[in-house]
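Protein chains in written order, with this note's numbering: chain A, 1 to 263; chain B, 264 to 496.
To be clear, the hints were calculated from the coordinates, so they are not data collected in a lab.
All of these numbers come straight from a predicted model, not from anything done at the bench.
Misleading hints may appear alongside valid ones.
[As the list claims (entries may be wrong)] In the DMTMM-like style, the derived pairs of lysine to aspartate or glutamate whose C-alpha atoms are separated by at most 20 Å in a straight line are:
id, chain 1, residue 1, chain 2, residue 2
1, A, Lys59, B, Glu387
2, B, Lys441, B, Asp370
3, A, Lys59, B, Asp370
4, B, Lys414, B, Glu404
5, B, Lys317, A, Glu138
6, B, Lys317, A, Glu146
7, B, Lys317, A, Asp112
8, B, Lys291, B, Glu404
[Unchecked claim] Distance ranges between label pairs, derived from CB positions:
id, chain 1, residue 1, chain 2, residue 2, range
9, B, Ala457, A, Ala206, 53 to 63 Å
10, B, Leu310, A, Ala131, 33 to 43 Å
11, A, Arg219, B, Phe483, 48 to 58 Å
12, A, Glu127, B, Leu488, 25 to 35 Å
Note that beta-carbon positions come from the ideal geometry of N, C-alpha and C, so glycine has one too.
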Amino acid sequence: MEKAAAEKAAPLELLGSWASSYTHRVQLALRLKGLEFEYAEEDLGSKSDALLRHNPVYKKVPVLVLPDGRALAESAVILHYLDDAFPAARQLLPADPFDRAVARFWCHFSDDKLGPAVGAVFASTGEEQEAAVRQVHENLALLEAELREGAFKGRRFFGGDEVGFLDVVLGCGSYWLAVFEEVTGVQLVDAEAFPLFHAWLRDFEAQEEVRETIPSVDRLLDYARGLRQMLLAMAGGAGAAAPADAPTAALPAPATADIAVDI
Amino acid sequence: MAGGGDLKLLGVWTSPYVIRVRVALNLKSLPYEYVEENLGSKSALLLASNPVHKTVPVLLHGGRPVNESQVILQYIDEVYASNGPSVLPADPYERAAARFWAAYVDDKVGAAWQGMLFTCRTEEERAAAVARAVAALQTLEGALEECSKGKAFFGGDAIGFVDVVLGGYLGWFGAVDKMIGRRVIDPAKTPLLARWEERFRAAEAAKGVVPDDADKMLEFLPTLLALSAPKSK
Chain A
1 MEKAAAEKAA
11 PLELLGSWAS
21 SYTHRVQLAL
31 RLKGLEFEYA
41 EEDLGSKSDA
51 LLRHNPVYKK
61 VPVLVLPDGR
71 ALAESAVILH
81 YLDDAFPAAR
91 QLLPADPFDR
101 AVARFWCHFS
111 DDKLGPAVGA
121 VFASTGEEQE
131 AAVRQVHENL
141 ALLEAELREG
151 AFKGRRFFGG
161 DEVGFLDVVL
171 GCGSYWLAVF
181 EEVTGVQLVD
191 AEAFPLFHAW
201 LRDFEAQEEV
211 RETIPSVDRL
221 LDYARGLRQM
231 LLAMAGGAGA
241 AAPADAPTAA
251 LPAPATADIA
261 VDI
Chain B
264 MAGGGDLKLL
274 GVWTSPYVIR
284 VRVALNLKSL
294 PYEYVEENLG
304 SKSALLLASN
314 PVHKTVPVLL
324 HGGRPVNESQ
334 VILQYIDEVY
344 ASNGPSVLPA
354 DPYERAAARF
364 WAAYVDDKVG
374 AAWQGMLFTC
384 RTEEERAAAV
394 ARAVAALQTL
404 EGALEECSKG
414 KAFFGGDAIG
424 FVDVVLGGYL
434 GWFGAVDKMI
444 GRRVIDPAKT
454 PLLARWEERF
464 RAAEAAKGVV
474 PDDADKMLEF
484 LPTLLALSAP
494 KSK
C-alpha cells in the first residue's frame, strides 16, 4: 500500500485469536495479498466491546474492520471480500467459474466434514475416537484422490503453482493435524496412505507467509494439551460442542472444534 | 446471451436447496432440463456427479457437475453474468453481507428446518425446532430491514442471493404451518418477512418451483422420512 494512501485512512483491522485457524486464514490471505493491517488479539473468555459490536450475530473471531468502520465476519466471506475489494492485489480464488465452484465445494467439505471430524478425534477417546479417526481417514482419502486423479491432479498446491483460496482454507486447519497426533497419540496423516496430501501440507507450511502466520509448534502443543485435558474432563456428552462457552474455559476453542459456519 | 453447453438440474421437488437453484435459473431465463431424482434409488448420473455427498441439487453444465446449492448459485451468477441481473450485488461489501446472511440462513434456519421435519421424534421436539427457526427469522427480520433499505427484497428492488436462499424453505414452512396450526413466518413477530414471503411467492421466477400445496408436501414427507437421507446444502 502506498504511504500516501496509508496515511489517508485507517488501515484494515483484524480482530482475532492467536490459536484460531479461522483467524489465520484471514491473516494469511492479507499477507499473500500484500495488504497492510492491524491485528488485535481477542481474549475469547472476555470478549471486547468492539468484537460484540462488530459481530453481534456470532460474537466470534475473525472480524475484519474496514477503514470506514464497517465490519465483516466469517472467514470464507472475508476471503471472498478481499478478492472483490482489492482486484489489483493477488487473487486467491481461481479466475474460471468452474474452478471457483470446485474450490468452494472443497472449502465447505473442509468446514463441514474434515474439520469437525478432526475435532471429534481430539475431543474423544476409545471407540468413539476410533470411529472419528476412520472418518478423518475417509475424508483425507477423498482429498488425496482429487490430488491424484481428480480436480487437482498434477498440482503442487490446490490453487495450482501458487497457494490459493483452498490452500488457505485447508492449510490453516491442517497444521493442527501433527499437533493433535502428538497430543492424542493417534496417527491422522500417514505419509504412505496420503502421500500427495502430506507433500502438499509440507510445501504449504514452508511458504514464507504461512511461516509468518502459523504459531510455533511448541505454543500449539501447549495449547492443545491444555484443551484436550479440559475436553476430556468435560466429556460425558458430545465432547466437541462449544467448549469456549464453558465457564472454566480460559483457553479459546480451536477452530476445528468450533461449529461456526464458514461458507 | 451466454450459451455454450446445455444445463441439466438433478433435484427433488421439495428440496429447499433445489428450489433455490430453480428460482435462480428462472431469474436468468435459462432453459434447463430438470430431472426429478428418486432418493430411494438414486440415478447413476447423480452418484457419478456428486460422489462425495450423493445429494441434490447437482447442476450439470455441458456435462460437468457443480455441486452444493450456494456454490451453484454463484456459478450461475458468474457464468451467465450477461443474462440479466446478478443475484449477488456488485459492491464488494454488499456482496460480503449477502454471503454472510445466506450462510446464516442455512446455518440457523436450515438446521431448525431439519429439526422440525426430519429429526424430531416428538411434537415437543418439533415445537422446539420451530422456536429456533422463529428466533433466527427474527434476526433475519432485522437483516431484511437493513439490506432492503425499504425495498421489496433483501436484494433491493429485485430478488437477490439471500432472497433465493431463504425462499427455498417457503414450501416446507407452508407444510409445517399446516402441521402445527400456526405460521413459522408469523406476521406478528416478523411482519417484514411475512410481506416478503408474499412477494417472493408471487414472483414470476418462483412460479411452479416454490411449492404452494402444503397437503402434497405432507403426503410426500413419509417417503422422505423413510429415506432419512441428509440433504445437500
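Are the Cα atoms of B/Lys291 and B/Glu404 separated by 20 Å or less? 27 Å, violated
Does the structure keep B/Lys414 and B/Glu404 at a Cα separation of 20 Å or less? 13 Å, holds
B/Ala457 paired with A/Ala206, Cβ distance criterion 53 to 63 Å: 55 Å, holds
Are the Cα atoms of B/Lys317 and A/Asp112 separated by 20 Å or less? Holds, at roughly 15 Å.
Regarding the pair B/Lys441 and B/Asp370, is the alpha-carbon distance no greater than 20 Å? 24 Å, violated
Are B/Leu310 and A/Ala131 spaced within 33 to 43 Å by their CB atoms? This hint is violated: roughly 25 Å between Cβ atoms.
Agreement of A/Lys59 and B/Glu387 with the hint, judged by alpha carbon distance not exceeding 20 Å: Measuring from Cα to Cα gives roughly 29 Å; hence the hint is violated.
Agreement of A/Lys59 and B/Asp370 with the hint, judged by alpha carbon distance not exceeding 20 Å: Holds, at about 15 Å.
Looking only at beta-carbon atoms, does the pair A/Glu127, B/Leu488 fall within the given range of 25 to 35 Å? With a Cβ separation near 29 Å, A/Glu127 and B/Leu488 satisfy 25 to 35 Å, so the hint holds.
For A/Arg219 and B/Phe483, compare the CB-CB distance with the range 48 to 58 Å and indicate the outcome. 53 Å, holds
Compare the distance between the alpha carbons of B/Lys317 and A/Glu146 with 20 Å, and conclude whether the hinted pair is satisfied. At roughly 16 Å apart (the allowed maximum being 20 Å), A/Glu146 and B/Lys317 satisfy the hint.
Taking only the CA atoms, is the gap from B/Lys317 to A/Glu138 under or equal to 20 Å? 15 Å, holds
This entry does not satisfy hints 1, 2, 8 and 10, going by the numbered hints stated previously.
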